[in-house]
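Counting in the working numbering, the sequence shown runs from 7 upward without gaps.
Because the hints were derived from the structure by calculation, they are not lab data.
Just to be clear, a hint being listed does not mean it is correct.
[As the list claims (entries may be wrong)] Simulated crosslink set (DSSO-like; lysine-lysine; CA at most 30 Å straight-line):
| no. | residue 1 | residue 2 |
| --- | --- | --- |
| 1 | Lys74 | Lys15 |
| 2 | Lys72 | Lys7 |
| 3 | Lys74 | Lys33 |
From a predicted model like this one, the values you see are computed outputs, not experimental measurements.
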Amino acid sequence: KQNYHSHTKRCGHAVGEDEDYVREAIKAGLEVLGFSDHAAYPIPCPSERMNLDQVEDYMQSITALKEKYADDIKILLGME
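Please model the entire structure based on the sequences and the hints provided.
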């Protein structure tokens with residue numbers, strides 16, 4: 007079981023903490039969880055995508071979760 011299309015609260019239309027998504031994916035028996043937030047634009051669109059100043063936090067957070075849960079689930083980091 008895989009999910010390659012998950013958004014975080016940074017995109018403005020999702021809720022919860024990044025780690026909550028990982029825990030729920032493991033609980034649901036997923037083998038792969040892909041994060042694919044909407045990429046930032048130079049002009050802010052807070053209800054549709056993350057802001058430029060959130061990109062680094064997004065990448066660091068998901069990378070840290072990828073390492074923390076490496077034995078439990080494969081986590082992919084991307085943007086759309």
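Against the earlier hints, flag every one the structure doesn't satisfy and list their numbers going up.
Of the numbered hints given earlier, the structure breaks none, since each of them holds.
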